[in-house]
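Participant: Could you put the whole structure together from the sequences, leaning on the hints where they help?
Number of protein chains: 2
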Amino acid sequence: MPHTSAGPQIEQLITMLSRLPGLGPRSARRAVLHLIRKKEGLLIPLGRAMNEAAEHIRSCDTCGNIDVKNPCAICQAPGRDQTSLCVVEQVGDLWALERAGAHRGRYFVLGGVLSAIDGVRPEDLFIDRLLTLAETPQITEVILALSANVDGASTSHFLADSLAKTGVKVTTIARGVPVGGELDYLDDGTLAAALVSRKAI
Amino acid sequence: MPHTSAGPQIEQLITMLSRLPGLGPRSARRAVLHLIRKKEGLLIPLGRAMNEAAEHIRSCDTCGNIDVKNPCAICQAPGRDQTSLCVVEQVGDLWALERAGAHRGRYFVLGGVLSAIDGVRPEDLFIDRLLTLAETPQITEVILALSANVDGASTSHFLADSLAKTGVKVTTIARGVPVGGELDYLDDGTLAAALVSRKAI
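As they're listed, the protein sequences go chains U and V.
So the first sequence is numbered by the numbering used here: it starts at 58 and just counts up by one.
So the second sequence is numbered by the numbering used here: it starts at 58 and just counts up by one.
Incorrect hints may have been included.
Repeated chains share a single entry, so a pair holds when one copy, or any two copies, can fit it.
As the list claims (entries may be wrong) - Once the Cα atoms are required to be at most 25 Å apart in a straight line, the calculated BS3-like pairs of lysine-lysine come out as:
1. Lys222 with Lys96
2. Lys226 with Lys256
3. Lys126 with Lys226
4. Lys126 with Lys95
Simulated from the structure, these hints should not be mistaken for lab results.
Facilitator: What follows is the structure in C-alpha cells.
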C-alpha cells in the first residue's frame, strides 16, 4: 500500500529511509515531509553528502575502522601510543571510545563476537588479522573492549587464548558500577562484578 | 565535539541526519554506520533518490499538495469527486486521509492553523487561495479536517465564516471515540464530544 499520493520518487525515498535503524514507516514519512520543506537547506545537501560518503569512505585494511584514508587517520597518527591495541566489536564502539578520549593507542575492529546462537565462528571475525597485527614488535598490550555479555566474555577468553602465543599482555576493560549509577537501579550481575573487582582507596 | 574519527564527510552526514524529526545524534550515528555497511544497497540509492526528489518534487499551485506533477495527480484525476474539497493543515494529513481511502474528492492544504501563541495570522495561511478555489462553480461542499484542538477549532470557525459568502456547504469531520478506543482510556473532552454528537442506531 502506498504511503502517499506523491508518486514513486517519494514512495521510494520513504521506503529506503524506513530501513534505517530507529526509523519506521511513520517517522520516515515525517522525515521526508521535513526534507521536502527544507529542500535547499537539507534535502539537496544530504543527497550530496551521501554521494560523497559513498565515493570516499573506505574500510581501513589495517584495523577495520572506516575513514576517507586507508590506512585510517588513527592508524597513521604519529602521536598515538603505538604499543597498545584496543579491540572493539564494531566501528561504533571505536567512535564511542574516541568521543570519551579514553584510549590513546590504536584500535582493531573485530567485526562482531563469537556466538553459538547466531552461528558466528572464529573464521567469521577478523581474528587472523588481529593475531598478525598483535605480532608486530611495537605492540605490547592488547585491550579487549567487547560487550559485557556472555558472547562478549567468551570471545574475550577465546582471544586471550589465541593471543597467548604472541607474548603480548592481554587485558580487558573493567566491569563495575557506571559513573553516576545508583546501586538501587543496577542489576545483580553488575553489582556482583563491582564487588569482586573492588580496590583499595 | 566530533561524533566520530572518520573525517568531515561522515561528520557532516551525521549532523544533517540528526536534524531529521525523530533522529538525534545517537540514532544518526547508528543510521550512518548502517548506511556505510549497506553502501551498494542503501547509501548510494538513497543519495540518488534524494537528488531525484529534490529535482522533481513540486508544490501543487492549486491545492498545495506535493507531487512530481503540477497540478498534482489528485487535482488532475478525472475519476475523483469534483464537488467536494477537503481542507487539511499539512501534506502529511492529506497522505493519512488518502491511505485511509476516506475521501474521494479533492484536497486543499492550508499550511497550518491560526494561532495567537505562535503568531500565525490569516495572511500566513493560504486562505485567499482557498476562498478563490471554493468559488469554483463545481465545488458544493468544503470539508474542514483540521486538528481537534483549540487552534484547529478556531481556524475551522474562521474558515466557516469566510466561506459563508461563497454559498458552499461547510462541514467539519466528526469528533468522537476512535475506532477500537476503550472509554476508560479516553480523555473527558473526547467523551463529552462523543456524547453530544450521539446518533440513533
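Participant: Cα distance capped at 25 Å. Does Lys126 pair with Lys95 within a copy, between copies, both, or neither?
Facilitator: Close across copies (19 Å), not inside one copy (32 Å); limit 25 Å.
Participant: If the cut is 25 Å between Cα atoms, do Lys222 and Lys96 qualify within a copy, between copies, both or neither?
Facilitator: neither (58 Å within a copy, 37 Å between copies)
Participant: Cα distance capped at 25 Å. Does Lys226 pair with Lys256 within a copy, between copies, both, or neither?
Facilitator: within (21 Å within a copy, 79 Å between copies)
Participant: Checking an output row: Lys126 and Lys226, CA cutoff 25 Å. Within, between, both or neither?
Facilitator: Answer is neither: 29 Å inside a copy and 66 Å across each miss the 25 Å cutoff.
Comparing the model with each earlier hint shows violations of hints 1 and 3; every other hint is respected.
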